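Engineer: Okay, here's what each chain looks like letter by letter:
There are 4 protein chains.
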Amino acid sequence: MTSLAVTQGIKLAVKNDDQPATRVKVGDLVVGGETVIVMAGPCTVETDEQLMETAREVKEAGAHILRGGAFKPRTLPYSFQGLGEEGLKLLSRARDETGLPIVTEVMSPEDVELVEAYTDILQIGTRNMQNFPLLKRVGRASKPVLLKRGMSATIYEWLGCAEYILSEGNPDVILCERGIRSFNDVTRNTLDISAVPIIKQVSRLPIIVDPSHGTGIRSLVAPMTKAGVAAGADGALVEVHCDPDHALCDGAQSLRPWEFRALMGELEPLARAVGKRLS
Amino acid sequence: MTSLAVTQGIKLAVKNDDQPATRVKVGDLVVGGETVIVMAGPCTVETDEQLMETAREVKEAGAHILRGGAFKPRTLPYSFQGLGEEGLKLLSRARDETGLPIVTEVMSPEDVELVEAYTDILQIGTRNMQNFPLLKRVGRASKPVLLKRGMSATIYEWLGCAEYILSEGNPDVILCERGIRSFNDVTRNTLDISAVPIIKQVSRLPIIVDPSHGTGIRSLVAPMTKAGVAAGADGALVEVHCDPDHALCDGAQSLRPWEFRALMGELEPLARAVGKRLS
Amino acid sequence: MTSLAVTQGIKLAVKNDDQPATRVKVGDLVVGGETVIVMAGPCTVETDEQLMETAREVKEAGAHILRGGAFKPRTLPYSFQGLGEEGLKLLSRARDETGLPIVTEVMSPEDVELVEAYTDILQIGTRNMQNFPLLKRVGRASKPVLLKRGMSATIYEWLGCAEYILSEGNPDVILCERGIRSFNDVTRNTLDISAVPIIKQVSRLPIIVDPSHGTGIRSLVAPMTKAGVAAGADGALVEVHCDPDHALCDGAQSLRPWEFRALMGELEPLARAVGKRLS
Amino acid sequence: MTSLAVTQGIKLAVKNDDQPATRVKVGDLVVGGETVIVMAGPCTVETDEQLMETAREVKEAGAHILRGGAFKPRTLPYSFQGLGEEGLKLLSRARDETGLPIVTEVMSPEDVELVEAYTDILQIGTRNMQNFPLLKRVGRASKPVLLKRGMSATIYEWLGCAEYILSEGNPDVILCERGIRSFNDVTRNTLDISAVPIIKQVSRLPIIVDPSHGTGIRSLVAPMTKAGVAAGADGALVEVHCDPDHALCDGAQSLRPWEFRALMGELEPLARAVGKRLS
Numbered sequence: 000m001t002s003l004a005v006t007q008g009i010k011l012a013v014k015n016d017d018q019p020a021t022r023v024k025v026g027d028l029v030v031g032g033e034t035v036i037v038m039a040g041p042c043t044v045e046t047d048e049q050l051m052e053t054a055r056e057v058k059e060a061g062a063h064i065l066r067g068g069a070f071k072p073r074t075l076p077y078s079f080q081g082l083g084e085e086g087l088k089l090l091s092r093a094r095d096e097t098g099l100p101i102v103t104e105v106m107s108p109e110d111v112e113l114v115e116a117y118t119d120i121l122q123i124g125t126r127n128m129q130n131f132p133l134l135k136r137v138g139r140a141s142k143p144v145l146l147k148r149g150m151s152a153t154i155y156e157w158l159g160c161a162e163y164i165l166s167e168g169n170p171d172v173i174l175c176e177r178g179i180r181s182f183n184d185v186t187r188n189t190l191d192i193s194a195v196p197i198i199k200q201v202s203r204l205p206i207i208v209d210p211s212h213g214t215g216i217r218s219l220v221a222p223m224t225k226a227g228v229a230a231g232a233d234g235a236l237v238e239v240h241c242d243p244d245h246a247l248c249d250g251a252q253s254l255r256p257w258e259f260r261a262l263m264g265e266l267e268p269l270a271r272a273v274g275k276r277l278s
Numbered sequence: 000m001t002s003l004a005v006t007q008g009i010k011l012a013v014k015n016d017d018q019p020a021t022r023v024k025v026g027d028l029v030v031g032g033e034t035v036i037v038m039a040g041p042c043t044v045e046t047d048e049q050l051m052e053t054a055r056e057v058k059e060a061g062a063h064i065l066r067g068g069a070f071k072p073r074t075l076p077y078s079f080q081g082l083g084e085e086g087l088k089l090l091s092r093a094r095d096e097t098g099l100p101i102v103t104e105v106m107s108p109e110d111v112e113l114v115e116a117y118t119d120i121l122q123i124g125t126r127n128m129q130n131f132p133l134l135k136r137v138g139r140a141s142k143p144v145l146l147k148r149g150m151s152a153t154i155y156e157w158l159g160c161a162e163y164i165l166s167e168g169n170p171d172v173i174l175c176e177r178g179i180r181s182f183n184d185v186t187r188n189t190l191d192i193s194a195v196p197i198i199k200q201v202s203r204l205p206i207i208v209d210p211s212h213g214t215g216i217r218s219l220v221a222p223m224t225k226a227g228v229a230a231g232a233d234g235a236l237v238e239v240h241c242d243p244d245h246a247l248c249d250g251a252q253s254l255r256p257w258e259f260r261a262l263m264g265e266l267e268p269l270a271r272a273v274g275k276r277l278s
Numbered sequence: 000m001t002s003l004a005v006t007q008g009i010k011l012a013v014k015n016d017d018q019p020a021t022r023v024k025v026g027d028l029v030v031g032g033e034t035v036i037v038m039a040g041p042c043t044v045e046t047d048e049q050l051m052e053t054a055r056e057v058k059e060a061g062a063h064i065l066r067g068g069a070f071k072p073r074t075l076p077y078s079f080q081g082l083g084e085e086g087l088k089l090l091s092r093a094r095d096e097t098g099l100p101i102v103t104e105v106m107s108p109e110d111v112e113l114v115e116a117y118t119d120i121l122q123i124g125t126r127n128m129q130n131f132p133l134l135k136r137v138g139r140a141s142k143p144v145l146l147k148r149g150m151s152a153t154i155y156e157w158l159g160c161a162e163y164i165l166s167e168g169n170p171d172v173i174l175c176e177r178g179i180r181s182f183n184d185v186t187r188n189t190l191d192i193s194a195v196p197i198i199k200q201v202s203r204l205p206i207i208v209d210p211s212h213g214t215g216i217r218s219l220v221a222p223m224t225k226a227g228v229a230a231g232a233d234g235a236l237v238e239v240h241c242d243p244d245h246a247l248c249d250g251a252q253s254l255r256p257w258e259f260r261a262l263m264g265e266l267e268p269l270a271r272a273v274g275k276r277l278s
Numbered sequence: 000m001t002s003l004a005v006t007q008g009i010k011l012a013v014k015n016d017d018q019p020a021t022r023v024k025v026g027d028l029v030v031g032g033e034t035v036i037v038m039a040g041p042c043t044v045e046t047d048e049q050l051m052e053t054a055r056e057v058k059e060a061g062a063h064i065l066r067g068g069a070f071k072p073r074t075l076p077y078s079f080q081g082l083g084e085e086g087l088k089l090l091s092r093a094r095d096e097t098g099l100p101i102v103t104e105v106m107s108p109e110d111v112e113l114v115e116a117y118t119d120i121l122q123i124g125t126r127n128m129q130n131f132p133l134l135k136r137v138g139r140a141s142k143p144v145l146l147k148r149g150m151s152a153t154i155y156e157w158l159g160c161a162e163y164i165l166s167e168g169n170p171d172v173i174l175c176e177r178g179i180r181s182f183n184d185v186t187r188n189t190l191d192i193s194a195v196p197i198i199k200q201v202s203r204l205p206i207i208v209d210p211s212h213g214t215g216i217r218s219l220v221a222p223m224t225k226a227g228v229a230a231g232a233d234g235a236l237v238e239v240h241c242d243p244d245h246a247l248c249d250g251a252q253s254l255r256p257w258e259f260r261a262l263m264g265e266l267e268p269l270a271r272a273v274g275k276r277l278s
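Residue numbers (numbering that gives the first Met the number 0), protein chains in the order written: chain D, 0 to 278; chain G, 0 to 278; chain E, 0 to 278; chain B, 0 to 278.
One should not assume that every hint holds.
[Said to hold, decoys possible] Sample of chain B residues at the chain G side, in silico, Cβ under 10 Å:
hint, residue
1, Asn183
2, Asp184
3, Val273
4, Arg276
5, Ser278
[To be verified] In the DSS-like style, the derived pairs of lysine-lysine whose C-alpha atoms are separated by at most 27 Å in a straight line are:
hint, chain 1, residue 1, chain 2, residue 2
6, E, Lys275, B, Lys275
7, G, Lys275, D, Lys275
8, B, Lys88, D, Lys135
The set of hints was computed from the structure by calculation and includes no laboratory data. Remember, it's a predicted structure, so these values are computed and weren't measured experimentally. All residues carry an ideal CB built from backbone N, CA and C; glycine is no exception.
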């Protein structure tokens, strides 16, 4: 497993005896420690009500961090592209109200300063994993970075991207496995759970799973979250929407609040079974 | 999740309200019940000593069923093709000594009668998933069939193959996810854990995972077994070898006996965390 | 390109200086020579009229060999499985009438003797590429074998299967690239044209392409046939049906007779442009 | 082939009866017309001598456009990242000397103005296919855009990216198929030749192939270029290096000048065989 092909030339993202595993601090939370960190919320920030209701629900259910998109990468230019700064302000209000730190995506180097002013974690999406100018820019930011795996990236390429961020001086990178492209035609992507133990064995960085994009199907989110945690993931990124049937984006893979509560209940004993805890 | 594309035309392998989930009986064991069933043993039956020692070890560690190949599908005709009937006899002796039922592969319709005489479960390998004459033949056998997923088979194609067996009269089919082909270059295959909850949601049949072929890397076997069980798998098929460094086949993915014991110890609380048990 | 990984352990299927490239004789035809050989006909033999009409059409258009399935591997057991021996008899009649040699699939070792009695080329389908007992059996047959690539087979695995046939004594193997599984969702498979020059560079065996299964879409068959020939293929296997809208199988990818004639007309100058000829 | 899934919501990149196919003018050249346009040159601009020598060679061999990278997306931050503006100046000098227009990559919105000042065609690389801020920016540029397909992009996603550029007002988009990720382990990527006729059938935009990145292997470049042209491609992007053994990047897939001349000689009759010409 310490195959050279995986880490050749990688200096900062690799596991080594001299330096401890990276523990990313987000407020009072630690990603990469004994607690399984759950980031939950809507795919997209749509309205004040939608966000606040969903934020309260996930907070109550035990989520640690609130997710929500203000800048949205969409396949077509004609689709809703997110609320932009208005969305960031709503996220900020939701944090004030619930106390949950925020994670949201940034898509362009020139937006980093703006997004950084509002968010607690900067998310790099799967389409931008190898957007090197963007990686370098968030490498100079003062907030942790959640780096999603490219949809057909090898482990080596992914670690190379983490290296771009780390080598610019930002030590706080959280990796996120979000599903890869395969021939499978039932799921939207194939969540590559094996990436979790591989990263744990070769890298210092924490890793979480995104079972929502990883499957695209609501009924698979809970079992795949559990699979990720059992395999050693430090957390999960889960889409929850107060009214998924009317979501502007990704409704089919968003959990309803009661489904998310049920999942949190099931995660608790599972986390303990692998020597961790949920809260 | 009850997408028509997955089960269109599938009559017997589908889940429905009229009929209970299939519970496959193997001696006193039930695959598809509350117990997580672990099948363990060497990739290939090599010698009497190798098999007996490995069999005793896995029995002691808590395995429920002994696996071992007598007829081996190999990429080249010049590679060791297995001991054939001699291997079956050794497996039979190992069962007598340990009390563990046996699962072993059959590759040809004309060998079914022979293999059936020795084994408790007939295994159809990934390369033969769509060998329809073979499927029809084991569909007329009196032993349960372990049907591995083809290495690039869709869920629909896989269920179609189960249907070939069921429609010939054999109701006892156990599905086994063993990894799919993807662009990933670290692992031998990509173990598609999402197949577990998909099958659980659309099919009556039990499903287990094969983390050994699914990863090809020893250090990934334990975490991926746990991922499979957390996702709802009814068991696992794990390669264990008393001396993997000298194995004739698949040594790099075989657990050493002490590693297998450690895995069994870790599986116990995990099984309980998902409402099952290991023994 | 003489990468060891591709041919390691392959003895008979490799290109070497001591032995000339394999030229497979089928009656007066040579596959692997200066003529681009076109095998055309329906996916499945359905009726006497359907086969005879299609056979006459493809003969007139310049096809060299008639294809047609009598034993059909189908995803579900409830689908039409082919006419069996009756289909073989019809193929034989079509040969008598048109003078075209026949290629048809055999799915089971026990059927080889029967199919061999009727056909000129034994086809091994993609699902059976690694059905090793079947490969060994056709390796002892007296007719050439058309070996389709498995739908997720590496070049190495494919050559390994050719080796199974060659090592049993049958020197006449024709490889057929028929499309691989990928994430592409427009085409049925992804026709891997690069397999053609790879095989030409590492192997002695002739190779043809199957643009019909390789794309699954009628309008792509002609351009992909031309791509294959331009890349160096020794021929093509093309589905043609006299009435594709009412075909029992694969109608959407079958050319109508006039489309096939047009393709043959376009192939002629293309074959000459790469130093070959069509007739 | 006019499957809704491929073009749903695509307005400007689709083929329709009202508007002719897009012909992109680059100086006196037309991409998308009767001439097969060959863009050739080194992966990376390294030195004045390397570029000038290679430029003269490809010009003499009949290439139409000079390619060369000044800004290089590299897997690791420690690899040579290109000469930047210095590289653009060298490219400009090579154009002055040979008369060949230039195509070079731009990786960041903020670099577009700079690169545009030097180049004739702006290249968007595979890693940036869905870098939407970059796409929008080049959509406001005054030079044509060469849009490479993402390494695991569907046809629909690719057309969606073209749409981002077109909808900002730039009508001149050239698509470039450069190979997709698959399980294949011989080639660097799998050049999806079927993308060529699909694009021709559903889109107005011209399409070329990149057999160098598409295979990663020098000996496959010529046959795959020919395959692309036979399938209907409007041109090819070919890596040529005056001394590939000492190239800083991609030497193994770069043609030597004499190999490129041979390829141009073989392309000539092939282009004519499909109703086009090379010069």
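Engineer: Against this structure, judge whether each hint is valid.
Structural biologist: Verification of the hints:
1. Asn183: Holds, about 9 Å.
2. Asp184: Since chain G brings a Cβ to about 8 Å from Asp184/B, closer than 10 Å, the hint holds.
3. Val273: Hint violated; Val273/B Cβ to chain G Cβ min 32 Å, cut 10 Å.
4. Arg276: Hint on Arg276/B: violated, closest Cβ of chain G at ~38 Å, above 10 Å.
5. Ser278: 38 Å, violated
6. Lys275/E x Lys275/B: 20 Å, holds
7. Lys275/G x Lys275/D: Given pair Lys275/G, Lys275/D holds - Cα atoms ~20 Å apart, limit 27 Å.
8. Lys88/B x Lys135/D: 25 Å, holds
Figure legend: structure checked against the earlier numbered hints; hints not met, in rising order: 3, 4 and 5.
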